[in-house]
Structures are given as structure tokens and as C-alpha cells.
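A.B. asks: Here is what each chain is made of, one letter per residue.
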Amino acid sequence: MSNGGWTGTILRVDLTTGRISKESLNMDWAKSFVGGRGLAARYLYEEMDPAADALGPDNKMIFATGPMTGTNASTSSRYMVVTKGALTNAITTSNSGGHWGPELKFAGYDMLIVEGRAPVPSYISICDDDVRICSAEHLWGKTVWETDDIVREESGQHDTVVTCIGPAGENLVRFAAIVNDRHRAAGRSGVGAVMGSKNLKAIAVRGTGGVPIADPQKFMSAMWEMKSKLVEHPVTGEGLAAYGTAVLVNIINESGALPTNNHQVSQLEGADNISGETLADTRLVANKACFGCTIACGRVSQLPGEAQDKFTVTTRPHNWKIAVEGPEYENAWAMGADCGINDLDALIKANAMCNELGMDPISFGATLAAAMELYETGAVSDEQTGMPLNFGSGEALVAMTEKAAYREGFGDELAEGSKRMTAKFNRPEFFMGVRGQEFPAYDARAIQGMGLGYATSNRGACHLKSYTVAPEILGIPEKMDPAVTEGKAEITKIFQDATCTVDASGLCLFLTFGVGLDEIQPQLEAVTGISYTVPELLEVGERVWNIERMWNQRAGFTGKDDTLPKRLLEEPIPDGPTKGEVNRLGEMLPEYYEIRGWNAEGEPTQEKLASLGLA
Amino acid sequence: MAKSLRIIPEKCTGCMQCELACSWVQTGMFQPSRSLIRVNIFDEQASYAPYTCFQCDEAWCMTACPVNAISIDADTGAKVVGDANCVGCGLCTIACPFGTVFYNPDTQKAFKCDLCDGNPACAVACPTGAIEYTESESADWLGGWAEKVNESYLTSIEGGNAA
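Residue numbers (the working numbering), protein chains in the order written: chain A, 1 to 615; chain B, 1 to 163.
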């Protein structure tokens, strides 16, 4: 038994029967999967049939913290939502910051496992030991922000933290998000739709307990060392606080890697209009930190008077007079560049609405981009869309954000995500993603390693599972040529494994701009009292990656799914600094399988599984 | 001249490192519910405001205490709860106009900021310099801040009338 980090208790709520139970954490698993994404994947692998319907009662949702969550290590805010994704039908691991994860920990739980389906709209209220299932009939239809206000009020406690779904989750929008602290989201793969399918509107938590540390002296020195390094690093110490993640807009655009107009081209005209620099100069009112974070990359923006009345969304006038969060780089790209839009005010409004209505702005924006290509090629008509959906239309973006969340008109098609939508209109080649999930903001033709990362990502296309943009574009930790395929299989495996470890710890991936497992290792060891070497931590990551892969195999995925859309493999980038490039996945994938210890079909070998303790 | 805790809310990012540090001093765990400095987050106004005891010259907590359990530390000027004398009646928590004296259900005593014997953990932990422990003529830094807020409020009302 450990004497720090983990609380040692799991909370389980069966919404079908109303049964609430507390059980001891399996400490063997805790040791070998650490927590968060890893530990939750272990539990999901054990407990659930991966072939179950993502939107049926047999799907389970695990809300998991890590041993570092709630400590004063920098970026200790993270929790993971691990479940079968409504967008992807694959295992998903959606990560969020804010205050909810630490609060669950302070209430005394490492994880919350939600099962079944409530007979009526419900929410879970947790105040330390006191856990209840409450009626949410009066909350159904409410936005995220309204729900947050009402549930906190009902809890009678100022410090209650709420995570919830908005109308998008209720309406089973395939890319609905779960949003806590009003603006922090477990965003991708449709975790919000899974929650909606369970009739679960919100989970309110208030915790008054504490997180103990096994070796305080060692922890304090390791913790301060990492904080100092984060301050000294130009990205984590200065860039992210000043300009947020959207500082990447100009960098990626100039690299010819900013997918534009549904990946037809890879540079956006007027990209600087939606950059972090322009945001900071014109609309930013503050930068905000998640719990425990010394980086504070969060953007808080506000529209000035003349911009408040732009666009015809008239149903929520109050919203444009208050400070809202975002936009972040990915959102600025998906709803901006990918839709050919360079109007920052349109992005601020659409992004805030995504938070308010509970939708993933990446998949929403990318789906709208695919719809715009359908529209411009005549695959859908004005009659079907109800309004012109031309690339570059901020008006269309803002209007469709609301329509998608409520499944109104053409929004009902968007709400299915771009894979299902483009298939319905007989243009499946317009789907830009992997395993049903839309790409994030980096053109894999311009950055070879990202193509391999997307193709093999267990939760579908994702920038947060192997961010080789760091070496390939930013030169962190060392510069690699984005145009070559050599060495990318190896770096992708290392990044995937290391990312799993960070995601299991309860820390935020963003700290890896400035530090790595060398700095995390002594902290994790001191917090838990369990000795881990850096190679052992990498092996934890590899174990997590493989168990997710095994889970997906059982769900029906094979090596054939490790691929990219034809556009990225066969249609060269038409213009700009990366003109002529395609992604050469075929040069990297076999080597990747080999390095992973998988067979030619992409299945983990018995030998590999045995070495990871998974056989 | 004594040192006092000064809070500059404009610099706060709402990261809670001050609460974590304070709670560590109080309980030896990371337990924000036992922190003596609290950060209030006003999302719609983009405002994050840490507040704690600012060691009033005229300390109502001391006046209210029926057993003289609160004394002034000679070195720091902090108003300090003596656990040996405190009977846990909670009158000081009610008397404090700022809500910065708390009742600890674990120890059944009042507890409040004692400036960590002259090295406040919250100021050390703050990554943005929003909490400073500096020399100042008066501990009453809040007065100046309130005046500023008041002024801008009055201006906004006048502006509203003119329109």
C-alpha cells in the first residue's frame, strides 16, 4: 500500500439501479498503470465488452485522476474521461484541466466509474463521503453555463465544482464534449454524447480532504526544480502565458502545414488575423491558469462593443458582453483556417458557444469544413443547408455552431461528424480524419511524423498522443526534418509512450515543452513512495499504449485502420513552401510495427504482451 | 516599518498555488479546504482575487475573543490564535468583517493567517508575483485598492447618467 498520491478508493455509480459503492483501488494495477489514462484503460479493459454500443447502457465511463492530481506540482489539474467514443467507436481518453479533477481527489476518490443508464435525467452529487443521484429534469435543455450555476447553487457550497454536458451532449451530437469550470473540456471523441446517452447531465464535486505525499522533503525539492525549469523555458515560461497556444498559427502557417479549406491547401491567407499575437493585441483581457498550473496558457477574451453585434446569432446577447475563454490554437484552426475563416470575432463567438453548448470545437470546425467542401462542389444544395456554406463565411460558422448543438436543420447532418456526414452525401473522400475522428491542426503531408502518429492513434486522429510537431517544427528537444520519414517510426513510438505516462500521472502534457520524464520521475516517486526509474516509466506508457490497442482490437479495429485519407497520401500540397508533398505513411508504418513488437498486421505479439505483463 | 502581505489581483491567474502552499503549512497535505488564503474566481469579469487576513490594526477578531486567545506576534505583527487558549467558540470567525478567520473542524479551534512566522508560504508559492510580502507603512493595502474600485464604479455610474 502506498502512503501518498493515490487516495486508494474508487467510487462506482450504477445509474440503472441507483447503486453507489466505494471500493479499494487495485494497487497492483495502480503501480503498473499509475493512474489517469493508464489506470482507467486497465479497468475498462477488464470490465467492459469493447464491442458494446457506445451509446448503450453497457458502455462505461471512467473519470480518472492521477497520483499527481491535486498536488502543488505544476499543472496538477488533469483528469481523464475514458470510455468508448461516440464519434469513433474506439477507446477514448479525453483530458481536461480546470478544478474538477483535484476536487474529486480531495473528496477522496482516484476514479469515478459510471455504469448503466439512468431512467430519468439525473446528476451525481459528491460531497466527500456523501454521494447521491439527484434528478436533473429541471436541468435538461440547459446550457453548460446555466447548469454550472444551478448545480453549484443547489449544492449550497461555494466551492463545488461541476462537470456537465450541454444541449449537444443531450442531443447525442457525435462530438459533444464534457465541460467543467464553464470552459475546460474533455473535448474529443464524443464523450459528451456518451454521458448524454446515460441521461447523466452533470457531476458536482466538493472535497474537503487532502492529498498526502509519501516523501515530502524529496517531493518539495523535485517540485521546485521542475517549476524553475518551466519558468526558464521560453515556451512554458513566456510564450504560452503571453500568447496562448494560438502562438502556433503563424509558425505553422509559415511552415506550410496549416490545413486550410478542408485540407485542400496548407496555408491560410490572412492567418495573422487569428493568431495568438493578434488575439493578445486586440481581444485578450487576461490569461488564466488551471488548478496548480504555473504556465497559465488559458486565454480569456472579450469582444469590444462594436464586435458584440456581429453575426446573426441573436439568442444569447448576454454572452457577448462577458469575458469568455479561448480561442486556443486547435479551435482557431478548425473553425478558422480549415473553414477558410480569418475573422477572430467569429472564432471567439463560435468557440464560446462550443463551450456553452458542450461541443468539441475541433471536430465541429473540421466537420463544417467538410460540409463547406460538399457545398462548394454541389454535393449539397442551398435547400439542404438552409444557408450558403462557403469557405470563409464567419456568418455560416456562427450560425451552424448553434444549429449543430441543437440538431436543427442542416445542423442535424453536422452533428453526425464528418465521416458519417460525407458518407451520407456520397463524398467519403472529403472526410479528413482517422478512426472516425477529424484531424487536428497540422497537415500530415507537411509533417511526416504526424501522419504516422495520426494513423496509429488509438483514439483516432489526435495531436495530443504523439506531438512530433515539437521536434519536427519547433525543434524541441532537437530539430528533425519534417519532410523526411527516416527516424519517425522511432520518435513516434517514444512520444506515444511518454505521453501515456504524462497522461497517467495527472499532469498536463503542455509541461513537456519545457521538461520531460527526467523531471516527472522524482516527483512521482516522492508522491507515491513507489520507486520508478525513467525506463520503467516509459514502459508504463508502452503498457498503456498496448492495452488501448488490445481494447480496440476487441472492438473490431485492425491494422487496416492505421491509414490516412487519400487526399493526404496521394494529392500533393498544391502550393506554398511544402508544395508537392504527400504523406509517405507506407515508408514508416512497417518499421513502426516492428519497433512496437507487433506483427505485420499490426497486432501486438504474445512475446511483447508478456514482456509488458499483459499476456 | 513592518512587512505586510500585499495582493495584486491583476497579476493572479487563479492557479491556486497559494492555497496549496498554505494548506500544506496547516495540515501537511495538499488540502485547499484548510487554506487560509482563498482565491475567488469571477469568470465573467475575468477576475481572480486571492484574499486573506491583512492583519488589521484594529483587529475585531481579537476584540471578540472571550478568552484572549488571539495575540499579536512581536516580530511580524500578525494576529495569532493560541491553540492552548482557544475554546473553539467561533466568535472571531463571525467578528471578522472579511471572513478570513476560519474554524477547523479537525482541531475544533479557530485558525487564521499568522504570516508563517515572517515567511508566508503563499507569497513564496505565487508564480506571478500577485502576492508579495513587503515593507510598507501600513498593512492597510486593501484601503487603496477599494478606493480605486470605488472611483471607477462612481465614474461608471456618472457615465451611465450622462448617457
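Derived by calculation from the structure, the hints in this document are not laboratory data.
Predicted model only: the values in this text are computed from it and were never measured.
There could be a bad hint or two in this list.
Computed spacing ranges between beta-carbons, pair by pair [as the list claims (entries may be wrong)]: (1) 481(A) / 98(B): 26 to 36 Å; (2) 42(B) / 254(A): 48 to 58 Å; (3) 387(A) / 103(B): 57 to 67 Å; (4) 154(B) / 321(A): 20 to 30 Å; (5) 9(A) / 25(B): 22 to 32 Å; (6) 25(B) / 475(A): 49 to 59 Å; (7) 10(B) / 234(A): 44 to 54 Å; (8) 68(B) / 9(A): 21 to 31 Å; (9) 42(B) / 535(A): 38 to 48 Å; (10) 25(B) / 428(A): 54 to 64 Å.
Quick list of in silico lysine-lysine cross-link-like pairs, DSSO-like style, CA-CA up to 27 Å [unchecked claim]: (11) 11(B) / 321(A); (12) 321(A) / 148(B); (13) 11(B) / 229(A); (14) 310(A) / 403(A); (15) 424(A) / 403(A).
Even for Gly, the Cβ is constructed at its ideal location relative to N, Cα and C.
A.B. asks: Does each hint hold? Answer for all of them.
C.D. replies: Evaluated hints:
no. : hint                        : result
1   : 481(A) / 98(B): 26 to 36 Å  : 59 Å, violated
2   : 42(B) / 254(A): 48 to 58 Å  : 38 Å, violated
3   : 387(A) / 103(B): 57 to 67 Å : 59 Å, holds
4   : 154(B) / 321(A): 20 to 30 Å : 21 Å, holds
5   : 9(A) / 25(B): 22 to 32 Å    : 26 Å, holds
6   : 25(B) / 475(A): 49 to 59 Å  : 41 Å, violated
7   : 10(B) / 234(A): 44 to 54 Å  : 24 Å, violated
8   : 68(B) / 9(A): 21 to 31 Å    : 43 Å, violated
9   : 42(B) / 535(A): 38 to 48 Å  : 46 Å, holds
10  : 25(B) / 428(A): 54 to 64 Å  : 60 Å, holds
11  : 11(B) / 321(A)              : 23 Å, holds
12  : 321(A) / 148(B)             : 23 Å, holds
13  : 11(B) / 229(A)              : 21 Å, holds
14  : 310(A) / 403(A)             : 18 Å, holds
15  : 424(A) / 403(A)             : 19 Å, holds
Hint check: violations occur at hints 1, 2, 6, 7, 8; the rest are consistent with the structure.
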